[in-house]
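**Student:** With chain Z held as given, fit chain V onto it using these hints.
There are 2 protein chains.
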Amino acid sequence: MKLDTTPSGFALSISGRQILAHSAAAPCFFVGQGNDSIEMHRGRFAIEGRLAERCPLAHAKIDGDTIMLSAAKGQPPRLAVTLEGKALELRSLDSSVNRFWLRVMADRDEHVWGGGEQFSYFDLRGRRFPLWSSEPGVGRDKTTEITFKADAAGQAGGDYYHTNYPQPTYISSARYALHVETSAYSVLDFREGEFHEIEVWSVPESIELFAAPSFVALVETLSARFGRQPPLPEWIYNGAIIGLKDGANSFARLATMRAAGVKVSGLWCEDWVGIRPTAFGARLFWDWKANETRYPGLRQRIAELNDQGIRFLGYVNPYLCNDGVLFEEAENAGYFVKDASGQTALIDFGEFHCGTVDFTNPDAAAWFSEEIIGKRMLDYGLSGWMADFGEYLPVDVRLASGIDARLAHNLWPTLWAEVNAKAVASRGRTGEAVFFMRSGFTGVQKWCPWLWAGDQSVDFSRHDGLVTVICAALSSGLLGNAYHHSDIGGYTSLFGNLRTPELMMRWSEMAAFTPVMRSHEGNRPRDNLQLDGDPAVLEHFARMTAIYVHLSPYLRTLSLEAARRGLPIQRPLFLHHEDDRRTYGIQDCYLYGRDLLVAPVWQAAQDQRSLYLPSGTDWIHVWTGKSFAGGQEISVAAPLGRPPAFYRADSEFEALFAGLRQV
Amino acid sequence: MKLDTTPSGFALSISGRQILAHSAAAPCFFVGQGNDSIEMHRGRFAIEGRLAERCPLAHAKIDGDTIMLSAAKGQPPRLAVTLEGKALELRSLDSSVNRFWLRVMADRDEHVWGGGEQFSYFDLRGRRFPLWSSEPGVGRDKTTEITFKADAAGQAGGDYYHTNYPQPTYISSARYALHVETSAYSVLDFREGEFHEIEVWSVPESIELFAAPSFVALVETLSARFGRQPPLPEWIYNGAIIGLKDGANSFARLATMRAAGVKVSGLWCEDWVGIRPTAFGARLFWDWKANETRYPGLRQRIAELNDQGIRFLGYVNPYLCNDGVLFEEAENAGYFVKDASGQTALIDFGEFHCGTVDFTNPDAAAWFSEEIIGKRMLDYGLSGWMADFGEYLPVDVRLASGIDARLAHNLWPTLWAEVNAKAVASRGRTGEAVFFMRSGFTGVQKWCPWLWAGDQSVDFSRHDGLVTVICAALSSGLLGNAYHHSDIGGYTSLFGNLRTPELMMRWSEMAAFTPVMRSHEGNRPRDNLQLDGDPAVLEHFARMTAIYVHLSPYLRTLSLEAARRGLPIQRPLFLHHEDDRRTYGIQDCYLYGRDLLVAPVWQAAQDQRSLYLPSGTDWIHVWTGKSFAGGQEISVAAPLGRPPAFYRADSEFEALFAGLRQV
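Quick note, the sequences are listed as chains Z and V, same order.
Using the working numbering, you'd call the opening residue of the first sequence number 1 and step up by one each time.
Using the working numbering, you'd call the opening residue of the second sequence number 1 and step up by one each time.
In case anyone wonders, no lab produced these hints; they're calculated from the structure.
Glycine is no exception: its CB is placed at the ideal position from the N, C-alpha and C atoms.
Careful, some of the hints might be misleading.
Just so you have them, the derived chain V footprint on chain Z, three or more residues with Cβ under 8 Å [as the list claims (entries may be wrong)]:
{"id": "1", "region": "46 to 59"}
{"id": "2", "region": "65 to 78"}
{"id": "3", "region": "147 to 153"}
With the C-beta cut set under 7 Å, the calculated list includes, among others, these residues of chain V facing chain Z [stated by the list, open to error]:
{"id": "4", "residue": "54"}
{"id": "5", "residue": "129"}
{"id": "6", "residue": "152"}
In isolation and in its complexed conformation, chain Z is listed as follows (with noise of 0.2 Å):
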């Protein structure tokens, strides 16, 4: 990092791009005043900034590693900004201050990805957009009819930057990333030519920049700063885990669905906890035990698949429900979140509400993590679980450390995730028991071993289907989250919208080529197709499980190279062919490790799909062998069961690849 000193300024630069360039006239910070009312309804947030004051730094003086800043020469100065190694360290001045805003130099041309885990767009240029984990809407596209009755009955619909992860980081095409050392509220504005404007509802802690000579490089880079996931346990590589939440039944379903040829690694029952029925479908009862009235014997159970090679997972969430047991025990030793009178703040969840332990307590997070998921889910045989939301802290509440819950709300995922891992960590099974959560923020990457992709809406929407889910694999990819996968099938089914066959199909056919292939039944189950619910899906779905055991030489070895490097294992087409400018903006196809580049079928009744090959290599189409040049658009026959992909001319997999064709 280079700070030069200019006529009536600074230039800071790394690795020879310039970043910053202030002068009188065009400053580059700016801090200020506001206020704002920020208001939470089952996870969705309305929040409305006023702004009192926003003042350019016009004045700048530099001694040594420090700038500070004024309005004016002779004025007092509100913000110092020192270098320390690839940060910019960045103190207030003003305690009257509480608006922080950034402009960073930008290229025209300049393509702009991250931002956390990014469901609609994975180029950002061109848009601004809050960073805020909360609920990501249901439709999340203001012209469709989903969102629109979604919205009617509760804004619920969302909008295309709604998600449970956001992270204030980015990687610019430029080969820099820059990451926003705060947990505020902040917005992300790619709109304009000439520069990039970082919002934050605090003066930031630091502003570190990672630049690298390549992306690859680069992306290793914010891996070793995010932190790093152990790589997959080995039990993933016998097939699928099956979701089913069917009480004792699930262990009769899942026979049957080995019958029929599917390989199955873990039977995944969130109902293991007990269900409560609900208008939005059934919802479980969150008070974190094994339930012997709809699972009786589990232990049992347990023990039996697992000498069959198959992992039992389970559910669980950082709220106790005020009407189990779990509840009163946390009440006592004061555990729960504060409300502004000191009481235990409830949450409404729907139909009922939930105290939320509190994770900046060290006593509450460390009786979670053994009370909660060392005894009662792993010794209990517990091999996994999905480590629900994290996304609800509303900021009226009062928490233990004293932080201000404007700034614990964007922390409590990855709060949420260190506890989770640190019981794994207890039990000694770090890498072998696995959780998977669909929160994040900032450092959950050192936590969590699995992202999920949160609840799509059953259908092939463009803003809230099964596309989304490439897009969101992407754009948490880069920043150090090597793991993502999504329900099969897709979660939310409402007003009326129900999965088909060709839905199940299509998504079982991209989930083979990711990590983890696990099943979902969704949130109206007896509604909607499961995959044992008709022949040929079901059918369908068991080959598709042996094409992903088949490639499980190939995913190891990626799982070992994530380890190792912190590559993810679904890529962005321009990860390992950079200098082709055309792959920048793709988002509906992706490389699965460097050799094989998939394109899902993402619409319905399609069987051709469109895709473009980067240039660089040979692309051997998987299902018919056939060879083609990269650096063309090409078109090819996209029957259900043979989504496109293709693997590289020059692979050492290339033998495994070609076996595709036997399977």
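**Tutor:** For chain V alone, coordinates are given in the frame of chain Z:
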């Protein structure tokens, strides 16, 4: 107005009411810089502001009647504020400034009204909304199916604050009014408890303040400021203006309606210029001359109507279609608004394109007045017309006067009104020939004799139906627009939304108690019920015209009062009951003059209506003669044909009102 210095600033009050309180810690003036993107599509504007600076002007230096404001002591002044009579004249001292904010002191229980013609909310406290003339939207409520469909079909749904006629003027329950003299995009923010905030995308010319001991006196003062309209023409008291656009057949249909007992003052044929079929419905041919094919022998027909005491009215707007003959004449004379390349700027009106006559060019304005309105309309025999549109000036055009189109946009409705008014005056027919407009802005009061409420949907919806017309009449009326009326039955029929007999009847009932009864066939006449399409509807309408005529002595008195004092015909309840705060939020009832209280039934399937009767008098129910004490909520029977209406027990028109029972 009184300016006091305080330890670190100043305080400004008017008639004892403190309006501004400035200190270094809490300044009330702010300036800054920003840019914007304002894109127009068919009268709907996508407006996006991007703020670079908002500087509190913390330091005030007072020199006689001038306040010099700067960011801090020792910094150069950026704004000069000079007290001139009842205004604060503003002068920017910094050419980079293009944003302005003012904080006005507020009381927590204060109510505010005005903002031009507002359709959804009369009391604007708690809201923040822009002032920019535009299409008001179809549905105007994101929770309704129609709004969703209009948005999906082209972002045409709108929101509560969209209006053809904005005006940066408000009246406070603290008995003062504030007007911002600017035509720039501005925002009124009434959300805060302690202050109101005014935002302007320019430094306004001045802030005008008005105070009075009573609301009546305040409204009189505003009317004197903005201009008054002539009294209603005598011919209007003959009955309703019947809107038909059925070519020559219109005359036969009028005869049928008259035979059914309908009292008629005018026949309004907007299709007098010929029609153009489009997907929206039959549109008119925008080339402003009588169409002899559609209306053979029209001059003769008009003369015959006049002999029967019936006037003929037409239609005009400020655009000329590029497939008409006037277009070439105007283009050759250089009368059109130009695009960036200096060519005639063509505006898309949906399947056809038009030039906009440049009213900042005095020759073009005079040409439109004389050649089109004077010769082709007034001299032809028209006694009135709808002077439609005025909201469509884009901001990327060049104007003859050199004014920035961003500043001209909101001025356009007033310029358009002036063109019409001058044409009427040129023939000595002011107050006898009339026109009615939906668009408006500051100063339209001086030129436009009647407002009409624009294009409601043909339904009872909360934000786009019958009830919105009341809010529009009350808000615009307070700002000096004495005459307001609406399309009986509404206008916009889209997405299967069709007029019902009940809607037609409820709308007729309300219109009988407004200064002008005028029907409209709507945008899709053939799909929708017309007044003469159902004998029950026609009979009901005939009776309502008789009620209107019966009330004409009272209406004439109100009209003379309006000319003399500026009081609107339709008034909020609080205007004559200012000590009864329960009236301050009422927007679904109105006073018709001082003596009648009208509570239209504005929802479907109602046979009762609840309302609040203001205190201070007894109220006599028009249809039963029953007396009710003021100061209470009551419910009365409201079957079709008996719109809830009450008169003051002490009215000098008591006999006239009592006579309504026999009509």
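**Student:** Hints first: check each against the structure and report whether it holds.
**Tutor:** Verification of the hints:
no., hint, result
1, 46 to 59, "holds (count 7)"
2, 65 to 78, "holds (count 4)"
3, 147 to 153, "holds (count 3)"
4, 54, "4 Å, holds"
5, 129, "14 Å, violated"
6, 152, "5 Å, holds"
When each numbered hint is compared with the structure, a violation occurs for hint 5 only.
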